[in-house]
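For the record, the sequence lines run as chains A and B. So the first sequence is residues 5 to 245, counted in the numbering used here. So the second sequence is residues 39 to 224, counted in the numbering used here.
Just so you know, these hints were derived from the structure itself, not from any lab. Don't be surprised by glycine CBs; every beta carbon is placed ideally from N, CA and C.
Using C-beta positions, here's what the derived DEER-type ranges look like: (1) B:Q98 with A:I219: 24 to 32 Å; (2) B:S102 with A:Y148: 35 to 43 Å; (3) B:E150 with A:V139: 36 to 44 Å; (4) A:N9 with B:Q61: 36 to 44 Å; (5) B:A101 with A:K41: 19 to 27 Å.
Incomplete in silico selection of chain B near chain A, CB under 8 Å: (6) F68; (7) I70; (8) I90.
Cross-link-like lysine to any residue pairs, in silico, SDA-like; alpha carbons within 25 Å at most: (9) A:K189 with A:S142; (10) B:K125 with B:H64; (11) A:K66 with B:Q53; (12) A:K68 with B:E91; (13) A:K146 with A:V122; (14) A:K41 with B:H174; (15) A:K66 with B:I119; (16) B:K183 with B:L193; (17) B:K124 with A:R232; (18) A:K68 with B:R62; (19) A:K146 with A:S204; (20) A:K41 with B:E150; (21) B:K151 with A:Q21; (22) B:K151 with A:L53; (23) B:K125 with A:H231; (24) A:K146 with A:N125; (25) A:K66 with B:E58; (26) A:K64 with B:E58; (27) A:K146 with A:R206; (28) A:K66 with B:Y99; (29) B:K151 with A:C39; (30) A:K68 with A:E57; (31) B:K107 with A:S25; (32) A:K41 with A:R206.
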Amino acid sequence: MVKDNHISEEKLVDYLQGQLSESEAQGIQRHVEDCVKCQQTLAFWQETLEMDEDLQPSAKLKEKIDQSLLVERSLKQRLIKWKMPLFGLAGVIVIVILCFSLTDILKVQQTVEPDYEVYQNQDIMSDQVFMNNPVVDSQPIKPYEDFDEMEGMVWINPQTQEILLEMEGLTNIYNNDYQIWIIDKNGNINGDLIIVENGSARVLYRVEDLSDFRIMKGSVEPPGGSHRPTGPETFYVDIEK
Amino acid sequence: MDDYLLLEQMRAGNQEAFDEFYQRYHQYIFQIAYKVLANRPEAEDITQEVFIEIYQRSDQYQASRGSIKAWVAVKTRSRAIDRLRKKPEVLADKLEDIITNASPAADQFVIEKMEKDILRAALLQLPLSQQQAIYHMYYDQFTQKEIALTTNRPLGSVKSSIRYGLQSLKKQKSLLRWIGSGGGDK
Chain A
5 MVKDNHISEE KLVDYLQGQL SESEAQGIQR HVEDCVKCQQ TLAFWQETLE
55 MDEDLQPSAK LKEKIDQSLL VERSLKQRLI KWKMPLFGLA GVIVIVILCF
105 SLTDILKVQQ TVEPDYEVYQ NQDIMSDQVF MNNPVVDSQP IKPYEDFDEM
155 EGMVWINPQT QEILLEMEGL TNIYNNDYQI WIIDKNGNIN GDLIIVENGS
205 ARVLYRVEDL SDFRIMKGSV EPPGGSHRPT GPETFYVDIE K
Chain B
39 MDDYLLLEQM RAGNQEAFDE FYQRYHQYIF QIAYKVLANR PEAEDITQEV
89 FIEIYQRSDQ YQASRGSIKA WVAVKTRSRA IDRLRKKPEV LADKLEDIIT
139 NASPAADQFV IEKMEKDILR AALLQLPLSQ QQAIYHMYYD QFTQKEIALT
189 TNRPLGSVKS SIRYGLQSLK KQKSLLRWIG SGGGDK
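Excised from the complex, chain A in its bound form (with noise of 0.2 Å):
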């Protein structure tokens, strides 16, 4: 519930809301009385979470989110349509590479589905166990010329397969988006848009195998992000070390 310090906003807003039993609702009160941070917080959910019997978004915005819905379903059937016989197809290629020996052509960089999982921020739920962890390696994260103002630090976790990074210094970009990418031994590359909070942000990656990975870095995108990198490089991080 406390994180920082600091009550969770989740719990302030179910606490402004009455769903918090009585002993966590006092705790919440003593807590509040003691801490500026808190006590603003409060307030905001507290003029936020008046509602306004009038004020609707329009009849048309669920038709909207319908019609998005839609096409991301049907793109990702027509997705797993392509998929299937191109399993098939990827067992005779697999042959044809061994037999002629081209497993330089695997070197080539191509966007795959990531078999790693990313939480950022307040989704992290793990990160104790990388402090004071003697198993845990860490490093700095490297910025390149152009974003000297960031700083961070990468955590390795062996034991749960685990990359943490905590970066800083993420100076507000219009109209365009902080990437991360994260490449593997073969040269496949996937990325995930950073979502930043207040100049920083947490990305964690739990991968299948650490082993299996080379090096992350950070990248400016345009809105939403790109397949692979297009734009200026922010930071890089050698994690095969």
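Following the hints, complete the assembly by docking chain B onto the known chain A.
Using the frame of chain A, we list chain B on its own:
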């Protein structure tokens, strides 16, 4: 049916569960987004973004952090504040709205979430008197009357400074664009 079951069914791709979830939360999400952004089309856009994210990433919900209603509220707040950071013209509208708005604590919270350099970069483009008036209003939380007293200027001229200052901020959408939007494969 409780929210958690609805979320479970949405995860399984159940359209009716999504319809019910929409019914329960569309006004709630929209109003939170509107409170932060003070801009109806942007608030609708954030509402759409939040619903799609919830539908696709319902597995992000962690019961230990609070109820689904609280999760939805915080997610909406977070997306709306991100939008203000990314769109200076929406931020300028929001600043203008604050003068007449009756939610001072909510506005103060939103302004504090903005990186100071975004606000400062916009302010620096204005004449000094306008900069001072707006700075006093946001950072020192002075009323227009207090600004007039502190700066020894007539109230009408302080009001004009703020109004012209904010209008100029709105015109300077591109000033904060420190990286062009060219390139990319999207």
